[in-house]
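First residue of the sequence shown? That's 1 in full-length UniProt numbering, and the numbers climb one at a time after it.
If you are wondering where the hints come from, they were derived from the structure by calculation, not from laboratory data.
Hints should not be assumed to be uniformly reliable.
DEER-style ranges, computed between Cβ atoms [stated by the list, open to error]:
1) 173 x 138: 25 to 33 Å
2) 192 x 69: 44 to 52 Å
3) 131 x 93: 20 to 28 Å
4) 93 x 248: 32 to 40 Å
5) 181 x 91: 32 to 40 Å
6) 140 x 163: 38 to 46 Å
7) 141 x 57: 33 to 41 Å
8) 27 x 110: 19 to 27 Å
9) 248 x 173: 32 to 40 Å
10) 32 x 268: 33 to 41 Å
11) 91 x 177: 23 to 31 Å
12) 61 x 239: 15 to 23 Å
Being a predicted model, the structure only gives us computed values, none of them experimental.
Where a beta carbon is used, it is the ideal one built from N, C-alpha and C, also for glycine.
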Amino acid sequence: MQSLALIENWPVPTAAAAVVRADGTVLGAHGPLGQRFALASVTKPLAAYALLVAYEEGAVELDGPAGPDGSTVRHLLAHTSGLAFDEHRVTAAPGERRLYSNAGFEVLGDHVAKATDIPFAEYLRQAVLEPLGMTATTLDGSPAKDGVSTVDDLVRFAAEVQAPRLLDPRTVAEAMTVQYPGTKGVLPGYGHQNPNDWGLGFEIRDAKSPHWTGTSSSPGTFGHFGQSGTFLWIDPAAGVACVALTDRAFGPWAIEAWTPFTDAVLAELV
């Protein structure tokens, strides 16, 4: 795909990207696909997927208590627990606002570890990484932001999310459904949005503007971006997912570059 070569124009030391279908067919790839990059918050979808495995195994309940008083696993996954961004401090009642929270995902990691008696990083490896052959992906630290991976590995994950084998497709469909519809909040880097829609660990595009995906991305597009200059989106209407990893922190350069890049990728698929 010629559109993927646009990453060569990004003002970053290194970038790699790929587009993959649900059956695992890689339609195009560019850059060092086996190079390991810090994922930052693109770690969250991996962590959420592991938690959903724990849910299907009966170790945790989505509507069971976790985090602040009145909060549930579902609240934490959907960033509506009331926890602050990077502090274990309550700033709102559960379900009241969409408060993007790294602390919430750390609570989730601890919750799964306690329920399974397995450290979360090891549970992630056993539940998701190993079955998908993601041998270059590791988590050493926070389940909110400390994952390290490659484009090659994330292509495997993106194919799994599109055509689930590790989870019941109904569970994945629930994860991609807006939780607590109409909730307003802030999308980091893009400002206040009403509504600020999220599923279970995945952000849902809907009609958000501005946004880090494309202007031509379908409303059902979901995924995540990371402050390390990384993103993963899945566009069900287009039938593809795209992974892009860089080694430059998210900033104005990414806001300027990512949207036209995604529009070019989608245009090439038509």
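Hint-by-hint comparison with the structure:
no.: 1; hint: 173 x 138: 25 to 33 Å; in the structure: holds (29 Å)
no.: 2; hint: 192 x 69: 44 to 52 Å; in the structure: violated (27 Å)
no.: 3; hint: 131 x 93: 20 to 28 Å; in the structure: violated (38 Å)
no.: 4; hint: 93 x 248: 32 to 40 Å; in the structure: holds (38 Å)
no.: 5; hint: 181 x 91: 32 to 40 Å; in the structure: violated (21 Å)
no.: 6; hint: 140 x 163: 38 to 46 Å; in the structure: violated (29 Å)
no.: 7; hint: 141 x 57: 33 to 41 Å; in the structure: violated (24 Å)
no.: 8; hint: 27 x 110: 19 to 27 Å; in the structure: violated (39 Å)
no.: 9; hint: 248 x 173: 32 to 40 Å; in the structure: holds (35 Å)
no.: 10; hint: 32 x 268: 33 to 41 Å; in the structure: violated (22 Å)
no.: 11; hint: 91 x 177: 23 to 31 Å; in the structure: holds (26 Å)
no.: 12; hint: 61 x 239: 15 to 23 Å; in the structure: violated (33 Å)
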